[in-house]
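Peer 1: Here is what each chain is made of, one letter per residue.
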Amino acid sequence: EAQVTQNPRYLITVTGKKLTVTCSQNMNHEYMSWYRQDPGLGLRQIYYSMNVEVTDKGDVPEGYKVSRKEKRNFPLILESPSPNQTSLYFCASSFGVGTEAFFGQGTRLTVV
Amino acid sequence: GIQVEQSPPDLILQEGANSTLRCNFSDSVNNLQWFHQNPWGQLINLFYIPSGTKQNGRLSATTVATERYSLLYISSSQTTDSGVYFCAVATGGTSYGKLTFGQGTILTVHP
Numbered sequence: 001e002a003q004v005t006q007n008p009r010y011l012i013t014v015t016g017k018k019l020t021v022t023c024s025q026n027m028n029h030e031y032m033s034w035y036r037q038d039p040g041l042g043l044r045q046i047y048y049s050m051n052v053e054v055t056d057k058g059d060v061p062e063g064y065k066v067s068r069k070e071k072r073n074f075p076l077i078l079e080s081p082s083p084n085q086t087s088l089y090f091c092a093s094s095f096g097v098g099t100e101a102f103f104g105q106g107t108r109l110t111v112v
Numbered sequence: 001g002i003q004v005e006q007s008p009p010d011l012i013l014q015e016g017a018n019s020t021l022r023c024n025f026s027d028s029v030n031n032l033q034w035f036h037q038n039p040w041g042q043l044i045n046l047f048y049i050p051s052g053t054k055q056n057g058r059l060s061a062t063t064v065a066t067e068r069y070s071l072l073y074i075s076s077s078q079t080t081d082s083g084v085y086f087c088a089v090a091t092g093g094t095s096y097g098k099l100t101f102g103q104g105t106i107l108t109v110h111p
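If you're matching them up, the sequences are chains A and B in order. In this text, residue positions in the first sequence follow our numbering: the first is 1, and each later residue adds one. In this text, residue positions in the second sequence follow our numbering: the first is 1, and each later residue adds one.
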């Protein structure tokens with residue numbers, strides 16, 4: 001089954017404790033991205049990757065890192081999480097520009 | 001950047017009713033998608049429809065790219081249709097594939 005898989009689905013952590021949210025797709029998509037969803041602010045892009053080893057900032061990249069060492073994986077790294085990074089996070093993938101995007105199940109992160 | 005406006009912001013229906021959701025966008029797009037966010041927060045793909053008309057069961061969508069709007073039709077609504085419906089667009093160029101989302105329409109279907 002074609003899908004985008006995120007882990008974990010739910011995470012509660014403490015301020016400053018490094019964490020990684022994994023994202024994997026099995027559709028051989030070149031383009032992958034991360035979004036966060038916040039009440040009143042909607043969904044906003046954090047980072048995106050056009051292919052292996054090619055990444056760039058989206059609209060709200062501060063406090064996040066990404067890597068794309070393999071085509072299928074695009075982890076989101078929070079080196080020192082803060083409470084303002086409490087949010088619902090989505091990973092998405094697509095073949096490329098103008099093609100249909102598919103989203104993971106979401107990761108609900110709480111930083112206390 | 002591109003602006004995406006959805007209407008109405010809220011919609012309350014009785015089961016069996018029909019509804020139309022609208023998405024207006026401010027620039028040419030190379031991607032337009034409709035999503036349903038269910039109560040568990042998952043974003044479910046409904047339609048990939050940068051232009052034209054598509055139907056999937058009780059749902060259908062039309063995008064008139066030249067007039068910069070898209071419509072999502074829900075017929076014979078069911079309680080399971082409740083949730084938030086998002087329209088999202090991409091314009092290419094320097095925003096390479098980024099989806100810009102509207103604020104959503106919150107649909108509540110009562111039995």
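Don't read these hints as lab results, they were simulated from the structure. Wrong hints could be hidden among the right ones.
Stated by the list, open to error - Examples of chain B residues toward chain A, derived with CB under 7 Å:
(1) Ser7
(2) Asn30
(3) Asn31
(4) Asn38
(5) Gly41
(6) Tyr48
(7) Ala65
(8) Gly97
(9) Lys98
(10) Phe101
(11) Ile106
Glycine residues also receive a C-beta, built at the ideal position from the N, C-alpha and C atoms.
Peer 1: Now, for every hint given, state plainly whether the structure supports it.
Peer 2: Hint by hint, here is what the structure shows:
Using the Cβ-Cβ criterion of 7 Å, the hint placing Ser7 of chain B at the interface with chain A is not satisfied: the shortest such distance is roughly 15 Å. Restraint check, Asn30 of chain B versus chain A: the minimum CB separation of about 4 Å is within 7 Å; hint holds. With a cut of 7 Å, the hint placing Asn31 of chain B at the interface with chain A holds, because the nearest CB-to-CB distance is about 5 Å. Violation of the interface hint for Asn38 of chain B is found here, the shortest Cβ-Cβ separation to chain A being roughly 10 Å, above the 7 Å cut-off.
About 5 Å separates the beta-carbon of Gly41 of chain B from the nearest beta-carbon of chain A, less than 7 Å, and the hint is met. For Tyr48 of chain B, the suggested interface contact is upheld, since its CB lies about 4 Å from the closest CB of chain A, less than 7 Å. Given the 7 Å rule on beta carbons, the hint for Ala65 of chain B is violated: about 12 Å separates it from the nearest Cβ of chain A. The beta carbon of Gly97 of chain B comes within 5 Å of a beta carbon in chain A, closer than 7 Å, and the hint placing it at the interface holds.
At a threshold of 7 Å, the smallest CB-CB gap from Lys98 of chain B to chain A is about 5 Å, leaving the interface hint in force. For Phe101 of chain B, the interface hint holds, since its Cβ comes within 7 Å of a Cβ in chain A; the closest pair sits about 4 Å apart. For Ile106 of chain B, the interface hint is violated, since its Cβ never comes within 7 Å of a Cβ in chain A; the closest pair sits about 12 Å apart.
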